[in-house]
Amino acid sequence: MPDRNSPILSVSEITRQIKGTLEEGFSNVAVQGEISNFHRHSSGHLYFTLKDERSQIQAVMWRSRAQSLFFTPQEGMKAIARGSITVYEVRGNYQLDVALLQPMGVGELQLAFERLKQKLAAEGLFDEDHKRPLPQYPVRIGIVTSPTGAAIHDIINVIRRRFPSVELVLIPVKVQGTGAAEEIATAIGDLNSLGGIDLMIVGRGGGSLEDLWAFNEEIVARAIYASAIPVVSAVGHEIDFTIADFVADLRAPTPSAAAELVVPDRADIIELLRNFCYTAHRIVEHRLSTDRKAIANLLRSYSFNRPADILRQHLQHLDELQASMEHALSHKVELTRQAVQSLQKRIESVHPRRILDRGYSLVRRDGRIVSRVKFLHPKDDIEIEMSDGRTSAQIEG
Amino acid sequence: MSAKKQADRESHGSFEQALKRLEDIVDQLESGTVPLDEVLKIYEEGVNLSKRCLAELSQAELRIKKMQKDAKGHFEILDGAGDE
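Chains A and B are the protein sequences, given in the same order. Take any residue in the first sequence, note its place counting from 1, add 124, and you have its number in this note's numbering. Take any residue in the second sequence, note its place counting from 1, add 84, and you have its number in this note's numbering.
Note that these hints are calculated values from the structure, not bench results. Predicted, not measured: the structure shown is a model, and the values here were computed from it. C-beta: ideal position from N, C-alpha, C; glycine also. Any given hint could be a false lead.
Here are the computed lysine-lysine pairs in the PhoX-like style, where the Cα-Cα straight-line distance is at most 25 Å [what the hints assert, rightly or not]: (1) K241/A - K202/A; (2) K125/B - K135/B; (3) K149/B - K298/A; (4) K456/A - K469/A; (5) K135/B - K104/B; (6) K153/B - K298/A; (7) K241/A - K255/A; (8) K298/A - K241/A; (9) K298/A - K156/B; (10) K243/A - K175/A; (11) K125/B - K104/B; (12) K243/A - K202/A; (13) K255/A - K243/A; (14) K150/B - K298/A; (15) K417/A - K125/B.
Have a look at the derived ranges for each label pair, beta carbon to beta carbon [stated by the list, open to error]: (16) A350/A - D121/B: 48 to 58 Å; (17) A432/A - L124/B: 25 to 35 Å; (18) N152/A - L162/B: 44 to 54 Å; (19) E140/B - Y171/A: 19 to 29 Å; (20) C401/A - Q143/B: 11 to 21 Å; (21) Q242/A - L162/B: 33 to 43 Å; (22) L124/B - E444/A: 23 to 33 Å; (23) L162/B - A352/A: 53 to 63 Å; (24) S160/A - Q101/B: 54 to 64 Å; (25) P431/A - L120/B: 17 to 27 Å; (26) P431/A - D121/B: 19 to 29 Å; (27) A432/A - L120/B: 20 to 30 Å; (28) L120/B - S427/A: 16 to 26 Å.
With these hints in hand, go ahead and build the complete structure from the sequences.
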C-alpha cells in the first residue's frame, strides 16, 4: 500500500532527486556490452545502445571525448564503456555518459575487421575487374598522409631518387584517432575534384592495430572504391593487411614500396633512351650500307651496263671500219703505184738510150740531132753519142 | 581533360608519349619500307627526342605541393610539404 503521508513532489523535483541519487551512486562505472543502434550525429556526438541478453542502456559520447576514439563503433561490437550515469531531465531517462570506449580486446577489432571485409567483399568492392591499371609514367601524384609522419618523407626520398620528373600533391590528414578516417576519405574525394592527378598514394607508416584502424574503416574503403583516380594503399609494415589494401587498385606493403611502384626508375629510362639511340643508329647505318651495296650492284648489272656496252660495240665497229677503210686505201695506192711502175718501164723501154744499147748512135750538130745524111755538109763538126758516151767527128770534104 | 591541363602535361614532356614515339620510330626504321629521306628525318627526330628526354631526366627536380582547403572549401595549392 502506498504511504499517504509521502510528500508530494513535482515531476521536476522527483527527477532532480533521482538525478542526484543516480549520478552520485554511479559516477564512475565500467560497463561491458554489445554496441547497437550506433549513430554519429552531425554535431559530432555519438549515440548508441549497449546491450546484453536481457537488458540495454542508452549511451552517449560527447564530441570532445569522441576525439580519443580510434575506431568507428560497429553494430554488434563488444565494448567496454567507462563513464558515469547521467539523467536527461527533459525526457526523464538515464544514460551512460561515455568518457572512454574500448573494444573488448583486440579480438573484437579483428571481428569487426572480418565483418566489414565480408560485407564489402560481398558488395564487390574488392573485385579485380574494378581495379584500374596505374599509369606507367605519372606526371602528378596525389599523396594522402600525415604531413609529419615518416611516410611522406620516405615517399619524397624514393621518388626524388627514382623519378624526380613528377609533381607530388600532398593532402595533409590525420592518420589515426577520431576523425582520421573521415579526413582520409574526404582527401581522396578532394584529389578527385582537383583533377589532373594521375594516381594517389594513401597511407601511413607502421603501427599497432589501433594506430592503423582508420584504414580499416568503411568510409575510407568506400572513398577508395569511388575514386576515379587509381589508388595505391601504403599502410604499415608489410604484414598487416587493411581493408584499404583490399579495395585499393594496388597494395604496397610500405609507403617506400608504394613510391617504388608508382614511378619508373630514371636509370631504366635513360637505359631505354640510350638503347633507342644505339638501335636507331645501327638500323640507319645498316640501311645506308645496304643502299650503297644496292647501288653498286646496280652499277654492275647487265641492264645498267647495256648502253655502255652498245657504245663500246659502236666504237669497235668504228675502229674496224676505219681499219678496213685504211686497208682499202693502201691497196688502191699500191695498185696505182704498180700501174705507174709499169708505165715507167714502158716509158723507159722506149728511151733513146735503149736504142744506143742495141748499137745505134745518135748524131748531133750544134746540139741538135741530125736524122738524115742529106742534112750534113762537108767539114761539119758533129757529135756522136753511143751507149757508153760521146765523141766528136768531122764530115770529110 | 581540359585544354589547359593537356598543355600543362605536354609541357612537362610526357615520357609516355616520348617513349611511345621512339618505339614507333624504331618500328618504322626496322620495317625497311620507309624511303631513305624519311628514314633520315625520323632518325633525327628520334635522336632529338631522346636527347630532350635525357636532359629533362637529368635536370628534373621533384616538385612538391601541398593542397589545403580553406574555410569555404576552396582548394589552395602551396609549395612544399610544409613540415619538412
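Status of the hints after comparison with the structure:
1. K241/A - K202/A: 18 Å, holds
2. K125/B - K135/B: 16 Å, holds
3. K149/B - K298/A: Since the Cα atoms of K149/B and K298/A sit roughly 18 Å apart, the hinted pair holds (cutoff 25 Å).
4. K456/A - K469/A: 20 Å, holds
5. K135/B - K104/B: 15 Å, holds
6. K153/B - K298/A: 14 Å, holds
7. K241/A - K255/A: Satisfied, since the Cα-Cα distance of roughly 17 Å is no more than 25 Å.
8. K298/A - K241/A: 23 Å, holds
9. K298/A - K156/B: 20 Å, holds
10. K243/A - K175/A: Holds, at about 23 Å.
11. K125/B - K104/B: 17 Å, holds
12. K243/A - K202/A: 18 Å, holds
13. K255/A - K243/A: Holds - the C-alpha atoms of K243/A and K255/A are around 18 Å apart, at most 25 Å.
14. K150/B - K298/A: The hint holds at about 15 Å.
15. K417/A - K125/B: 22 Å, holds
16. A350/A - D121/B: 48 to 58 Å: For D121/B against A350/A, whose Cβ atoms are near 53 Å apart, the range 48 to 58 Å holds.
17. A432/A - L124/B: 25 to 35 Å: Since A432/A and L124/B have Cβ atoms about 31 Å apart, the given range 25 to 35 Å holds.
18. N152/A - L162/B: 44 to 54 Å: 47 Å, holds
19. E140/B - Y171/A: 19 to 29 Å: 57 Å, violated
20. C401/A - Q143/B: 11 to 21 Å: Since C401/A and Q143/B have Cβ atoms about 18 Å apart, the given range 11 to 21 Å holds.
21. Q242/A - L162/B: 33 to 43 Å: Holds - the Cβ-Cβ distance for Q242/A and L162/B, about 41 Å, lies within 33 to 43 Å.
22. L124/B - E444/A: 23 to 33 Å: 50 Å, violated
23. L162/B - A352/A: 53 to 63 Å: At 24 Å between Cβs, range violated.
24. S160/A - Q101/B: 54 to 64 Å: 56 Å, holds
25. P431/A - L120/B: 17 to 27 Å: 25 Å, holds
26. P431/A - D121/B: 19 to 29 Å: Given range 19 to 29 Å: holds, Cβ gap about 28 Å.
27. A432/A - L120/B: 20 to 30 Å: The hint (20 to 30 Å, Cβ to Cβ) holds, given that A432/A and L120/B are roughly 26 Å apart.
28. L120/B - S427/A: 16 to 26 Å: 22 Å, holds
The earlier numbered hints that this structure contradicts are 19, 22, 23.
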